[in-house]
Structures are given as C-alpha cells and as structure tokens.
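Asker: Produce the entire structure from the sequences given, and follow the hints as far as they go.
Heads up: the sequence shown begins at 41 in this note's numbering, then just goes up one per residue.
Honestly, the hints are just simulated from the structure, not real lab data. From the three backbone atoms N, C-alpha and C, an ideal C-beta is built for every residue, glycine too. Warning: the hint list may mix true and false statements.
[As the list claims (entries may be wrong)] Computed Cβ-Cβ distance ranges for the label pairs, DEER-style:
no., residue 1, residue 2, range
1, Ala184, Asp71, 36 to 46 Å
2, Arg117, Gly217, 32 to 42 Å
3, Ala232, Gly75, 33 to 43 Å
4, Pro162, Pro124, 28 to 38 Å
5, Ala229, Arg136, 19 to 29 Å
6, Gly217, Val134, 34 to 44 Å
7, Glu183, Pro48, 33 to 43 Å
8, Ser120, Pro150, 21 to 31 Å
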Amino acid sequence: MPQRFIRPTQAVALRIGEGEGAGWYPSLVLDFEEGREILVGAPMHRGYEVRVEPGTAVDVQSTHADGLRVFVATVVRRESEPGPALRLTWPEGVRRVQRREAVRVEVMVPVEVRVPDADGPPRALSGTTVDLSEGGIRLALPEAVEPGTEVEARLLLPGGAAVECSARALRGGESAGAAPERRFWTAVAFTAVPPAA
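Answerer: Next up, the structure:
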C-alpha cells in the first residue's frame, strides 16, 4: 500500500462486522510502521470504548481526492497509550472504490444543526451523521427538518476538530424503532463548505 494513503492524524472509518458492537465508527490513524502495523484510535460510542478482541478482522475506509480507499486488517492488540487504541496488521492490499461522482461513506460523528425559527433565534439540534459525501450528509436528528430549509451544520470530527458548513435540507423521514434522539433522518446538500474541509 503506498504510504500516501496512510498518514498520522488521517481520518478513517472502522467497520466491525459482527458482535454487539457491529457497525461503522470514526477513528484516526495515530501512527504506523509501513509494511508492519497501523495504530488507530479505538472505536467509541457515546463516550465509551467499543471493545474489539484481538484476531477480529475490521474494514478500514479513508477518503481521498480521487475516491475512497478500503482495506481489511486484523486487530493485533489493544493499547492504552496515548489513549484507547488498536494495533492492526498491515493490509495485504487496498482497493479504490468510486461508485458515484461523490463517494458516500457510512460514518457516525456528532453534529450540531442550527435550524431557522420564525419566532426567534435558530433552534439548535444535536444529532449524528449517518453517512456523508463530498456533496452532502444524511443526519439522524430528534426533530424533522422541512425540505428546502437552509441550515448551518457543525460536524465534530475525531480528535476534536470541527467543520462548519451551510446546507439545504432535501428530504427526510422517520426511522421506526430508533432512539428519540435519532428518530428522524434528513438528507442535506452542502451549499457552502470551507475549501480545506
């Protein structure tokens, strides 16, 4: 795998395929030794570490200008320094995935959305992303957002970084059986995003 596709502090998404913690989780590359191992932040959910046993295979995704890179690695062991982390085997191969013009990645990170309110200042809604792409985000929120509504969103990325952007709600619906804070989904299209983001 070329070194340019893995670098310290690179945002990645980890997929645990089975067990109680199955799902996608945001993470960061903390360090690596090319050809040997990769150290990534342990997956977290609502402030708690999702325990992953040594020997578990995980999918790792990272987004690049020319598309999405995906590889499979195996958990070697858990480490506690500099924080909860997983040491992974170096992948045998990497594949580039480009299913559409704007690659959509399933990843869950906290998001704060400010929605206009005719009776006063904008309402602030706290939720999570469901997936994101270069063109927009699908959000899980505690309230529905009307299509056509202009919103401001603040994504809280792994490592404490935040990205603020403007967007327009396109469509939405209710997720049956979801927790109250994730009861409604809304797809938004970016209207203004900082170039660096």
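Asker: All hints, please: hold or fail.
Answerer: These are the hints, each one checked on the structure:
1. About 43 Å separates the C-beta atoms of Ala184 and Asp71, a value consistent with the hinted range of 36 to 46 Å.
2. A beta carbon spacing of about 36 Å between Arg117 and Gly217 agrees with the range 32 to 42 Å that was offered as a hint.
3. Remark: the range hint 33 to 43 Å for Ala232 to Gly75 is upheld by a beta-carbon distance near 41 Å.
4. For Pro162 and Pro124, the hinted distance range of 28 to 38 Å is satisfied, since their beta carbons lie about 35 Å from each other.
5. Checked against the hint of 19 to 29 Å, the C-beta distance between Ala229 and Arg136 comes to roughly 25 Å, which is consistent with it.
6. For the pair Gly217 and Val134, the beta carbons lie near 36 Å from each other, so the given range of 34 to 44 Å is met.
7. Judged by the Cβ atoms, the range 33 to 43 Å given for Glu183 and Pro48 holds: they are separated by roughly 38 Å.
8. Our hint of 21 to 31 Å for Ser120 and Pro150 holds, since their Cβ atoms are close to 24 Å apart.
Checked against the numbered hints above, the structure breaks none of them.
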